Structures are given as C-alpha cells and as structure tokens.
Amino acid sequence: MTRYIVVRLLDAIPTVLLVLTLVFVAMRILPGDPAVAALGDFATPEQREAFREKMGLNAPLWQQYLTFVVSSLTLDFGVSMMNGRDVLGLIAYNLPYTIELTIASVLLGVVIGVPFGVWAATNPNRAPDSAMRGFSLIGYAVPDFYLGALLLIVFSLNLGWFPINGGGEGFLDRMHHVFLPALTLAFIKAAFLGRLTRTALLEVMGRDYIRTARAKGAREPRVIYRHGLRNALLPLTTGLGLTTLTALSGSVAIELVFNRPGLGKLLISAIAERDYAVIQGGIVVFALFVVAINLAMDLVYVLVDPRIRVS
Amino acid sequence: MSQDLLRLTDVTIEFGPPKKPIRVVEGVGFSVAKGESVGLVGESGSGKSVTSLAIMRLIGGRVVQGRIELEGRNLLDLPASALPEIRGRDIAMIFQEPMSSLNPLMTIGDQIGEALLLHGWRDRTARRDRTIEMLHLVGIPNAEGRLGAYPHQFSGGMRQRVMIAMAVACAPKLLIADEPTTALDVTIQAQVLDLMKKVRRELGMAILLISHDLGVIADVCERVIVMYAGRVVEEADIRTILTRPQHPYTRGLLRSVPRRNHEAERLYQIPGSVPPAGSVRQGCPFRDRCELSVSRCAEEMPPMFRFGSSQSAACWVTAAAEGVAQAGAAA
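If you're matching them up, the sequences are chains A and B in order. The end of the first sequence is residue 311 by UniProt numbering, with every number in the run present. The end of the second sequence is residue 331 by UniProt numbering, with every number in the run present.
Think of the hints as simulated: they come from the structure by calculation, not from any bench. A portion of the hints provided could be inaccurate.
[Unchecked claim] Here are the computed distance ranges between Cβ atoms for each label pair: (1) Pro143/A <-> Leu76/B: 50 to 56 Å; (2) Gly206/A <-> Asn142/B: 17 to 23 Å; (3) Ser130/A <-> Pro21/B: 22 to 28 Å.
Just so you know, these numbers come straight off a predicted model, no measurement behind them. C-beta atoms are modelled at their ideal positions from N, C-alpha and C, and glycine is treated no differently.
Whole structure, please, built from the sequences with the hints as guidance.
Structural data, given as structure tokens:
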C-alpha cells in the first residue's frame, strides 16, 4: 500500500512538469506583446525595453523556462503587471472562496444525486427511474450561468432569501453567500452523480454476491447499502473526481454571475486586462489543483477497494 | 411422509411478460427428507437451477402453480418480508461461482459473521468464535488469522470453502448447492465434495445438490431426481439409477459419463440438444432425441410410472416393457 501511494506521488511529478510546460508555451505563443499590453500603445520603445528587461523577457527561452518552473514550484508568481500587487497574495485571497464553492457544490451534488440514483436503481423502469432520467436531462441541458441567474433572480432579488453578491464575512455569512452558487453547480453534479449511481448500482445489483447476501437472509436495505452501494462506490469515486474538476472550471462562470471573489473571477479579469503574471499564476494554481484532486482520488480508491491495498 | 423436510408439488415457473409467458419449469414435484441428500441432475436448460432458486424464492420468474413446502409450510404463501428469516437459517445456498459469489469489499470474517448476525447471533465474541469454528470445519488453515482476509486473497477452492462455512454457519436444515464444484479443478472438486459430506454428517442437515454431472451426484447423494426440459423425468435411489435406469434420457446421461476403463472409446453423446424453454407443448419433451420413441410419445406427455419401490420414471415405452403402473395409482 505504501508502495502504491509512493508510485502515485511520483506519477504526479511529470504531470505537474507537463502542465507547467504547457502554460509556459501557451503564454509565449499568445499574440500581442506583454510590454505593449502592460504599458499601453503610447509607451516609448525605451520604456518597453526596460519593462522586458525587468520581467526577464529578454533572457534566452530556456532560461525563461527554468526561471518559470522554479518560481512556479516555489509559488513565486511575481507581481501583477496592472497594479503591482503580489500575485501569490491575490491568489491566496481568492482561492478559499473557490475551494469553498467547490466543496459546497460537490457535497450538495452528492447529497442530492446519490440518494436519487439509489432510488432510481431500486425501481428500474418505474416512476422514480423516469424522474431520474428527466432530472438528469434537465441537469445536463440547462447551462449553469443561466440557472445561476435564474436562482439569483428568484431567491435573491425577488424573495430576498439570499445575498445578491459578494463572498461574505465569517463562517455563517460565507455559507449563506455560497449556497446559491453552490446549488447552481450542484444541479449538474446531482444529475451526473445520480445517473452514475443508478448505472453502477444496477450493475452491481446483478452480481453474484448480491444473490449471496440475499441467500443468507439479508433484508433489502442491507443488501442495497452494505453490499450494493459499497461496491458501486468504485465507479462513483471516479465520477466524484471528475465532477470536482468540473466544479473548478464551472466556478469561473458562476463567480461572474454571482459576482463573488474567487480564482475564476480573478482569472477572467486578468485575461481582460492582459495581466500575464496573474494569468500565469492562476492557471498554474488551477492545474496544481487538478493534479491534487486526481491524486486524492487515487488515494480514495485505496480506502474503498482492498484489492488495491494489497497489490 | 410426515418427516419430509422439503416437498415440491406440481411447481410450474414462468419467465417473460405475463401475456406471453415462457414455461421454464412445469409440474415439478419431489421431496427431501430430514437429513437426506438428494441430487438434482440434468443438462443446462433443464430447469434445475431455476427450481432450486425458486425454493429460496430468489428467482426473477414467477411460480404460477404448485406448492413449495418446508416442514409443511408453503413458502410461496409467505410475504416477501418473511423470507429473510428463512434464508440462511432454515435453507442455505451455495452457488456455482465461488470467484464472484463473495463480496469483494468485505473480509470473509465479516461475511460469515453477517450470516450469523442476521439470524440472532447478537454477541460479537460468540459470532467470532463461531466463525472461526466454521472456518476450521471447512478446513481453512490458520482460521483465526484469516478472518481479516478478503476474498481475492483466496483461491477458488478456498472461496468455495468459505461459501460453505457461511452457508452452514447457522446450521440450516437444508443446504442447496447449485453446481458447487463446476467451476473448480477436478482435484479441488473432490475435496469440496468430501467437505460437503463431512459438513452434512457433522451438522445433520439435508442437502439438495444440483449438478449436470452424475458422477458428482453419485459421490454425495442417496437419491437422484433427473430433470429434462423443465420436468422431472426420473427419480430413484442412486444405486438403482446407476444400475437400472428406466428413462432413456437417464440412460443417455449415464452412457455419457467418462469411465476409466473405456479410454479408447469415443464418449457417448445424446444426439440433439434440450428444446428451448416453452417450445414443447405436447407429448414427451425428449422424444426427438430418443431412440425408443413411438407415436404415443408425440401425443401425450407420459406420467410418472412406478418401477419398484424407490424408482419412478416418465416414459411410455419402458413402462410398457416393464408392465408397471402409474406412480400415483401404485403408491
């Protein structure tokens, strides 16, 4: 088991390097001169040259690459080209809001989706199953920014139950603020996880060991939850990882709709302003998150499946 | 017949949509006495597994007719909520596939312990002791140390032993074994069969052994029921079946058992195959493959004729040759 974990950790290293390389290359082949973008069209050539020198853009490419990798790994992303603020500081301020949104939406998605999926799987081709199908169809079809705006209008603007924008202060207030955006993201997650639960559980319920469980006198709830759902957790873990990743990317649009701070919103405004330092830092942090979530899922497998533990 | 543990009467099972049902088992009747070991033999598609699952009420099909009585109580009348109390405590079952019949995510100690817990073994220590005792009984070495092991850490034969330990943990009155050795190597087969005999001896339970292999049945069982195309075609004690089979199908089955002293010969094969479920509407289902068939076989399904005290078979031709009476009338 230790070996498995070590191998997974080592596996993550090339992934991180690859991601950093991609970010580096993408930033260099983007059209437009960062110096022009940062200083504006009316800067003198001398000013531009000075800017390039300061930002290290005149060094040979391999040197820029090395500097970039090393500084990324030490989380040194430099300062914003727009306002001179520390990029790491900007990210550190915004990241918790995105994490909070991601966790809340995944939790809500699980809480809504998994029981719904179990309900559908235990009543195949009957009303609950059709309801599940309809729900997941809507879940997939409705764009999250539209649903977000809808919820915002109904529950914040009209009913006044939830704040209209911002991230909130203090735990309870933050939870109050995060609920609607999280629900928006949770909607598609519940649709996805519900379908996944239904399929996985239906498949598992046809297995021989389910028959064994019934043959030894287990009642249906025990058969479903202890024997069925536990085995269905394996494909569900994969789905959970995927849906957590989509929560990260989904947060970009949702943070804009709800006008709350977060990494997505930071990135969008940085792109609008061509603030390369912030874009670069933000993408690296995003990518590291993706790698971390994948790693976490690999480790969850170990907890769920004893077969991995031994081999 | 008061000592019958299990009695099936005229059991008919259908699958498929109720409007266009497919009859898989028709008019099956037999009984198992307390402590007796009975074999149910037949080719694939003969309805033997379906019949055994019906006893546990674990099939997807419908029992449309007949009675399945356990100590005089018709299991078919019981509400679904009453079944878990019977499963595992009165009737236990082991299956063909030891590789997939155990839950891969639970330790074998937990799985055997669960069978006990479900039938009133509340005390944890007692459960643990009983689990170890059962693992000893089925010959798992170092039973105590293997309580925390997972199924994938066992071989197929060992898993079938675990299945047996789990099935007999609550000392059921009847153990149904559906092809318990089919998926195992021949050497392991013999060990598992010996184990079943030992367990039966020590716990005094009845066994209903389902197999397509008469050799396996002859090893364990005292009495044999031969099924063909969803019907019982012959029933007798094992010695009679092996020496004087009356149904042409049973004879064919016996001729197709490989023997050590006939190595050079090509093994006998019953021509043709079992007709698809529900396709035989009239007459004897075996007639198309039968060397003895006469015109009457196509017209009327033969009833069970009684050949001697412990044997009956459903064949017009052999019954006429022996000049025996219908089973119901003679007994």
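Outcome of the hint check:
1. Pro143/A <-> Leu76/B: 50 to 56 Å: holds (54 Å)
2. Gly206/A <-> Asn142/B: 17 to 23 Å: violated (34 Å)
3. Ser130/A <-> Pro21/B: 22 to 28 Å: Given about 26 Å between the Cβ atoms, the range holds.
Of the numbered hints stated above, the single one contradicted by the structure is hint 2.
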